[in-house]
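Go by the hints and put chain L onto chain E.
Sequence lines, in order, name chains E and L.
Residue numbering for the first sequence follows UniProt numbering, starting at 1 and increasing by one per position.
Residue numbering for the second sequence follows UniProt numbering, starting at 1 and increasing by one per position.
Any given hint might turn out to be false.
[Said to hold, decoys possible] If the Cβ cut is set under 8 Å, some of the chain L residues that face chain E in the computed set are:
1) Ala115
2) Thr119
3) Leu329
4) Ile404
5) Phe413
6) Val428
[Said to hold, decoys possible] 20 Å max Cα-Cα, derived PhoX-like pairs, lysine-lysine:
7) Lys450/E x Lys519/E
8) Lys402/L x Lys153/E
9) Lys255/E x Lys197/L
10) Lys255/L x Lys53/E
11) Lys365/L x Lys402/L
12) Lys309/L x Lys117/E
13) Lys135/L x Lys125/L
14) Lys135/E x Lys70/E
15) Lys274/L x Lys33/L
16) Lys478/L x Lys365/L
17) Lys135/E x Lys125/E
18) Lys402/L x Lys402/E
19) Lys197/L x Lys227/L
20) Lys420/E x Lys402/E
21) Lys53/E x Lys33/L
22) Lys33/L x Lys309/E
[Said to hold, decoys possible] Label pairs and their calculated CB-CB ranges:
23) Ala91/E x Gly257/L: 45 to 55 Å
24) Thr359/L x Met429/E: 23 to 33 Å
25) Gln63/L x Ser354/E: 56 to 66 Å
26) Asp412/E x Glu312/L: 48 to 58 Å
27) Lys450/L x Gly88/E: 36 to 46 Å
28) Ala321/L x Asp86/E: 57 to 67 Å
29) Gly88/E x Glu312/L: 52 to 62 Å
30) Asn155/E x Glu325/L: 47 to 57 Å
31) Asp412/E x Glu60/L: 52 to 62 Å
Just so you know, these hints were derived from the structure itself, not from any lab.
The structure presented is a predicted model; accordingly, all values stated were derived computationally and were not measured.
Ideal Cβ placement from N, Cα and C applies to all residues, glycine included.
There are 2 protein chains.
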Amino acid sequence: MASLVDVYDTTLRDGTQGEGVSLSVTDKLNIAKRLDRLGVAYIEGGWPGSNPKDMSFFEEVKQLNLTTSKIAAFGSTRRSGIDPKDDGNLARILESGAQAAAIFGKAWDFHVTEALKTTKEENLKMIEDSISYLKANGLEVIFDAEHFFDGFKANPDYAMAALYHAERGGADCLVLCDTNGGALPQDVQAVVSDVTKEMTAPVGIHCHNDGELAVANSIAAVEAGAKHVQGTVNGYGERCGNANLISVIPNLQLKLGFTCLSDERIAELTETAKSVHDIANQVPPSNQPFVGRSAFAHKGGMHVNAVQKHPETYEHMQPEAIGNERRVLVSELAGQSNLYMKAEELGIDIDPKSGAAKTIIEQLKELENAGYQYEAAEASFELLIRRGLGETDDFFALDHFKIITERNQHGDFVTEAVVKLQIDNQPVMTAAEGNGPVNALDNALRKALKGSYPLVNHMYLADYKVRVLDETEATASKVRVLIESSDGRRTWSTVGVSTNIIEASWHALVDSIRYYFMKEEATAADEETPLLTGQGVCNH
Amino acid sequence: MASLVDVYDTTLRDGTQGEGVSLSVTDKLNIAKRLDRLGVAYIEGGWPGSNPKDMSFFEEVKQLNLTTSKIAAFGSTRRSGIDPKDDGNLARILESGAQAAAIFGKAWDFHVTEALKTTKEENLKMIEDSISYLKANGLEVIFDAEHFFDGFKANPDYAMAALYHAERGGADCLVLCDTNGGALPQDVQAVVSDVTKEMTAPVGIHCHNDGELAVANSIAAVEAGAKHVQGTVNGYGERCGNANLISVIPNLQLKLGFTCLSDERIAELTETAKSVHDIANQVPPSNQPFVGRSAFAHKGGMHVNAVQKHPETYEHMQPEAIGNERRVLVSELAGQSNLYMKAEELGIDIDPKSGAAKTIIEQLKELENAGYQYEAAEASFELLIRRGLGETDDFFALDHFKIITERNQHGDFVTEAVVKLQIDNQPVMTAAEGNGPVNALDNALRKALKGSYPLVNHMYLADYKVRVLDETEATASKVRVLIESSDGRRTWSTVGVSTNIIEASWHALVDSIRYYFMKEEATAADEETPLLTGQGVCNH
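Only chain E is shown next, with the shape it has when bound in the complex:
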């Protein structure tokens, strides 16, 4: 039977220490949902004693009714010289309502005297009684032995003493941390191997990537007997990041035969990695191992032929196993089969022999060359196909718009948008103010539409993301705008690309509205109620 390894995700805590990574409470809840679906054993939600904002995550995550993952709260051992019950940091952990607590303590004596400014003996007591206090209050307790590898090198007896005291306090898992990220795999293997022989409680591992070795170190630890692996999605984290769980998991499960996730869910790794990049607004590295767009991409004819016949000739594993796919670069064939696959997914029937299929593919190529990307904008993709097949129309046409952004002498910013549309062959012109040019444009567009299409009031923009595509051109570079919309029941995403952020936003806005109208029209057709009101007719 395969050996089980508990995956402990700290994207929401250690991951947010990464430079440029910043997550709102909503972002954290969305990531927690994804991680629960993926099936990690633990989700570390934050440090309630250090960051009051984290408390609202712990409150709200209860409403999500997660089914697989336990929620863990992070914190430190109690302060020196006091009773655990008087320690505010430990109190916050209990208040958080988390099922598990991960508390870190010093395992390197140098840190005890230099950073913590207490005695070695007191530090050991702090470890033991903080743990037993949390245990007595019903929590599962994970002990993070900070700087364990450096500490073990400097003073192995003291480092081990920290673990003995944690075990005596009742810790459910002893996690050896390479806090500075400089350990080497063979050292990790040797130390973990020694520690697992000594301790009764299960041992865990927590690595950082300062030597570009965090994945290797995590694997070495598991091979040496660790049963619990900490890391973050996509390796976010302080300095050079934490161990990247998206790489650790397939190495352990698909290459070494350990069980981290169910066979079904490991196929969602690519999707998970991408959606976390999206939520954290990070550019997904195309060369990211396992899940990147280039991870199974093949250039060059001979290579491609070989791979098509025998994938194992140039692939280290099956991309499907982790939900990624083989990509053949610059190949007509790849594009077409993707299109049919995708259309089938959306319930659209395309006749491969029709002219429409050819036209859609050409249009798609042109748009992708221009920087469009439909992976995160399926509504724009569906609209493109259905328009190409003549299954939907535009609902309204733009005559023109104008946006004026002004900063007056008093330093106040005012933005106004004027929009003129053609709806059902009638001109409709209106103006609206907004908080910035895109918001003003959005407001004016809705105002112009709501007379004829009151249902525009039922949809709203839920998310707005901007990415600069070619950063070398600075303010004249191309931008991609992604908009997520919702009507409260479902959400959909659309995309626009241009050198002009307003134009890119316009395309994404208009796609979003047209997509909603198209979907509602299909429903309305079933119920025989016209979509276009106001004029009372639906003749588009």
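Same frame as chain E, but now just chain L:
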């Protein structure tokens, strides 16, 4: 004595297989100069038999008179059924004038029959006589045993036979390649250890990063006896990239005691990594191990205090050893000690007891609450401090601006900006067009300034980034704009935050210009030339 390891760089050949990496002959020559200066043993310049463009690199690199590195040409063993002297590919290698040849041959019998479509015996002959032919023509020959690890697993005898034939042909080095990139460190260690025992010629290693283990695998191979390591600068390469030499080298040299480069040159690793990113037009990942901007960055007050006193408490090595530097992040987590440390870094003296220090800290907190982030905008930070200390002024004042973005009936986008400034108490008003509102504003601002400050023409915007801070508010949310500017010699970054993207961009633009003027004014003061021309006076 430290054991020597030959570093074999293939950035110019395997590195250019990376998606999005494309190098002109000039780019390649510039990279070759950097690598020679760094002191790698070999620079693989290209595949003259496959890519005729590569030939001009081999021609021109001779003019550079490199002092340290040997130039190597890549190619395959001869085609089956012919004499080496009749093989065009081998002829191109000889024509290239390279001192060394790296030729790859099949070590996995499956590839011999399936991809190469020849017999196993002929493949072994191809390896042996291709090598002896090149040797007879005076070249040093490196044999790249393709798919060695997969081949060794499938048929160890045949994989070893490939090496024996290479050795018999006179190969100077036998390089074991993990072509598919899926090997695990312990397998690499075991196989390399077996091979080095069997072979007389030195053994080398060539890894790919598909499992996020290329650095670990390279190190494992060297520890098992390999004397030659192949890889690319920054890990560029096909799919997930090649082994990143920028991480392999410091691990081997600074942690394990092998010698790859001179002690003097290893301190240029950061500079080399950066300049290769620049030449290849890749955004340097801020979390890149060893050399990234965040690699030695510290957040959080307690952390910072400890690092100031004892860097080893939170750093796995001395950043100076590889030419990187410690950075203190100015963030909400940081206390006053961060401010003083940062100011010291910038050469600014702040009296902790002065009212100015208190005011600056309060202002900083307010701005950070509003969403400002100075981690990636040190120029804005310096400006803030120096303004707070009364060391600089504003150079110009804004009266007002207006931006009009219009999409006309023909679908054309036009953007115009009107700006009115006060420079030296004189009003200056002008207008400009642009590619989008921010570009138009930038153009108008420069046009208004250039009469009085012609030096504005010497700076340009190098990068423009937008991040939506609170994405739940969609188009009405707050955005943070980061601008990187350059005058060709140095770059600096500034930040602006607002719910209005135009306002946020304005702040970042203005900070960028003011920072440049402030720096140039300091230089001008030394040289006693006025900064403000046009009116010919400098009375601000």
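Against the structure, the hints:
no.: 1; hint: Ala115; result: holds, 5 Å
no.: 2; hint: Thr119; result: violated, 18 Å
no.: 3; hint: Leu329; result: holds, 7 Å
no.: 4; hint: Ile404; result: holds, 5 Å
no.: 5; hint: Phe413; result: holds, 5 Å
no.: 6; hint: Val428; result: violated, 15 Å
no.: 7; hint: Lys450/E x Lys519/E; result: holds, 17 Å
no.: 8; hint: Lys402/L x Lys153/E; result: violated, 64 Å
no.: 9; hint: Lys255/E x Lys197/L; result: violated, 27 Å
no.: 10; hint: Lys255/L x Lys53/E; result: violated, 40 Å
no.: 11; hint: Lys365/L x Lys402/L; result: violated, 31 Å
no.: 12; hint: Lys309/L x Lys117/E; result: holds, 13 Å
no.: 13; hint: Lys135/L x Lys125/L; result: holds, 15 Å
no.: 14; hint: Lys135/E x Lys70/E; result: holds, 16 Å
no.: 15; hint: Lys274/L x Lys33/L; result: holds, 14 Å
no.: 16; hint: Lys478/L x Lys365/L; result: holds, 17 Å
no.: 17; hint: Lys135/E x Lys125/E; result: holds, 15 Å
no.: 18; hint: Lys402/L x Lys402/E; result: holds, 13 Å
no.: 19; hint: Lys197/L x Lys227/L; result: holds, 13 Å
no.: 20; hint: Lys420/E x Lys402/E; result: holds, 9 Å
no.: 21; hint: Lys53/E x Lys33/L; result: violated, 51 Å
no.: 22; hint: Lys33/L x Lys309/E; result: violated, 42 Å
no.: 23; hint: Ala91/E x Gly257/L: 45 to 55 Å; result: holds, 48 Å
no.: 24; hint: Thr359/L x Met429/E: 23 to 33 Å; result: violated, 50 Å
no.: 25; hint: Gln63/L x Ser354/E: 56 to 66 Å; result: holds, 58 Å
no.: 26; hint: Asp412/E x Glu312/L: 48 to 58 Å; result: holds, 52 Å
no.: 27; hint: Lys450/L x Gly88/E: 36 to 46 Å; result: violated, 58 Å
no.: 28; hint: Ala321/L x Asp86/E: 57 to 67 Å; result: violated, 45 Å
no.: 29; hint: Gly88/E x Glu312/L: 52 to 62 Å; result: violated, 30 Å
no.: 30; hint: Asn155/E x Glu325/L: 47 to 57 Å; result: violated, 30 Å
no.: 31; hint: Asp412/E x Glu60/L: 52 to 62 Å; result: holds, 59 Å
Consistency with the previously given hints fails for numbers 2, 6, 8, 9, 10, 11, 21, 22, 24, 27, 28, 29 and 30, ordered from lowest to highest.
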